[in-house]
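Asker: Sequence:
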Amino acid sequence: MTKQNINQARRQALGLGLRASMLGGLASMGLLPGAAQAAVTDYKALVCVYLFGGNDGNNMLLPLDAAHQALYQQVRGNSSIGLSQSAKTLLGTRTCTLQSTATPVEQPFAFHYGMTELDALFAEGKLASLLNVGSLSRPTSKADYQAGRNLPPQLFSHSDQQLQMQAGSPAVSGAGWGGRLMDLLSTGGDLDAVATSNGGLFIEGQNTHGNLLPSDGQLSMNGMNFWPDSAAAARRNALVKILRADHGNVLDNAANKALSNGIDLIADLQAANQNGALQTVFPGTDLARQLKTVAQLIKRRAAQGPGRQVYFVAQGGYDTHGGQSWQQFDCLSKLSAALAAFYRATQEIGVANQVTSFTLSDFGRSFQPNSGGTDHGWGNHHLILGDAVNGGNLFGRFPDFTLGGADDASGRGVWIPQFSIQQYGATLGKWFGLDNATLDQQVFKGELSRFALQDLGFMK
Numbered sequence: 019m020t021k022q023n024i025n026q027a028r029r030q031a032l033g034l035g036l037r038a039s040m041l042g043g044l045a046s047m048g049l050l051p052g053a054a055q056a057a058v059t060d061y062k063a064l065v066c067v068y069l070f071g072g073n074d075g076n077n078m079l080l081p082l083d084a085a086h087q088a089l090y091q092q093v094r095g096n097s098s099i100g101l102s103q104s105a106k107t108l109l110g111t112r113t114c115t116l117q118s119t120a121t122p123v124e125q126p127f128a129f130h131y132g133m134t135e136l137d138a139l140f141a142e143g144k145l146a147s148l149l150n151v152g153s154l155s156r157p158t159s160k161a162d163y164q165a166g167r168n169l170p171p172q173l174f175s176h177s178d179q180q181l182q183m184q185a186g187s188p189a190v191s192g193a194g195w196g197g198r199l200m201d202l203l204s205t206g207g208d209l210d211a212v213a214t215s216n217g218g219l220f221i222e223g224q225n226t227h228g229n230l231l232p233s234d235g236q237l238s239m240n241g242m243n244f245w246p247d248s249a250a251a252a253r254r255n256a257l258v259k260i261l262r263a264d265h266g267n268v269l270d271n272a273a274n275k276a277l278s279n280g281i282d283l284i285a286d287l288q289a290a291n292q293n294g295a296l297q298t299v300f301p302g303t304d305l306a307r308q309l310k311t312v313a314q315l316i317k318r319r320a321a322q323g324p325g326r327q328v329y330f331v332a333q334g335g336y337d338t339h340g341g342q343s344w345q346q347f348d349c350l351s352k353l354s355a356a357l358a359a360f361y362r363a364t365q366e367i368g369v370a371n372q373v374t375s376f377t378l379s380d381f382g383r384s385f386q387p388n389s390g391g392t393d394h395g396w397g398n399h400h401l402i403l404g405d406a407v408n409g410g411n412l413f414g415r416f417p418d419f420t421l422g423g424a425d426d427a428s429g430r431g432v433w434i435p436q437f438s439i440q441q442y443g444a445t446l447g448k449w450f451g452l453d454n455a456t457l458d459q460q461v462f463k464g465e466l467s468r469f470a471l472q473d474l475g476f477m478k
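Residues 19 to 478 (this note's numbering) make up the sequence shown, in order.
One or more of the hints may lead you astray.
Said to hold, decoys possible - Mimicking BS3-like on lysine-lysine, the simulated pairs with C-alpha atoms at most 27 Å apart in a straight line are:
1. Lys317 - Lys478
2. Lys448 - Lys317
3. Lys352 - Lys106
Think of the hints as simulated: they come from the structure by calculation, not from any bench.
Working from the sequences, and respecting the hints, build out all of it.
Answerer: Written out as structure tokens, the structure is:
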């Protein structure tokens, strides 16, 4: 990361802190509505790993039963993106009974060959996958799609679908579902909601406003780092006294509180870096650096007692209109190595049962390829990792690979989702500490109750 980018990230972080403090101050004075806080008696964290561009789930997890394989080979087999066991582009066959589906059949499948570490964690029972998830306003059939009934707006737009997946609703507002969870469960720490390197709507709530940090998790203030240390400390202490004085103006006080909180945040980050040293070895990729920072922050926060945290980390490169055969391998191999290292770090810290990481992405991709890649789709498969996960299982079912079939919205293999982002988020939110009624009314704004199955079962 360049010095210019670091400085930009610092400004963004302090800007988020300013907005958080101003809104928090107004809320404390009754000028903004607030949600009732739920009791928190333990520590838990959710880590959203966002795959920007739209990951091709059809090649991340490949069903190997005869019917799916015949259709896969017919549509993708002769293309540059086609995967096979004979060409060693798939890992070894795994079999499990499908969960949370009306037809719990034995399902053979395999992971993409770039996912060696996550394949091993699936075998250990630490990783699960939720099949065919997407943005929905309510359960949707092909007839609904063809009639244009109750469809999410701008279905195949990157920017719109990114917002909808993070908002947890097609009706995007200024808050994400992770931030709304924290509105109800936050214990008020300055690191309760954190994004690394890339800002995310996911961590923004009505009263919860996240901090955006560089991928290495370090911030500093200009003019405060000079020799001798005693002079620098005196200057810092003088500034803190000025900022904490009551100036008789609500907005002045809120702005000063934001900068004061920023100084506290810098101290917390420095302490996390000094005391959060990990034995776990992380790869040298940007995603791995982000996840290492998250692990260090979790180590510090978990030791302080009960609380909740949400994190947003990001990886780009999944918009594979061309060059997918090598580009998706590169992305998935980095994802697999980074997530596996992060999971091992949570084991090292002793919080593997209290930290759950999961993937989101813009959308899936078309089953029918173009010359060297795939186009924008809809439903997609996602990964959930941690000791609290009902790992070693697939939840839902693979779509029928028939082009133009009941699961295909467009004739090109654009899968109509079986599960909604509301159901996905609510299953994680229930583990996080909220009941279905609260999740429906206060987190997913009355949309969760439109779906019959509100807990998909992938959390213990």
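Asker: Indicate, hint by hint, whether the structure satisfies it.
Answerer: Hint check results:
1. For the suggested pair Lys317 and Lys478, the alpha carbons sit about 23 Å apart, so the restraint of at most 27 Å is met.
2. Using a Cα cut-off of 27 Å, the hinted pair Lys448 and Lys317 holds, with the two alpha carbons roughly 23 Å apart.
3. Proposed proximity of Lys352 and Lys106 is supported: the alpha carbons are some 18 Å apart, at most 27 Å.
Every hint, counting from the list given before, is met by this structure.
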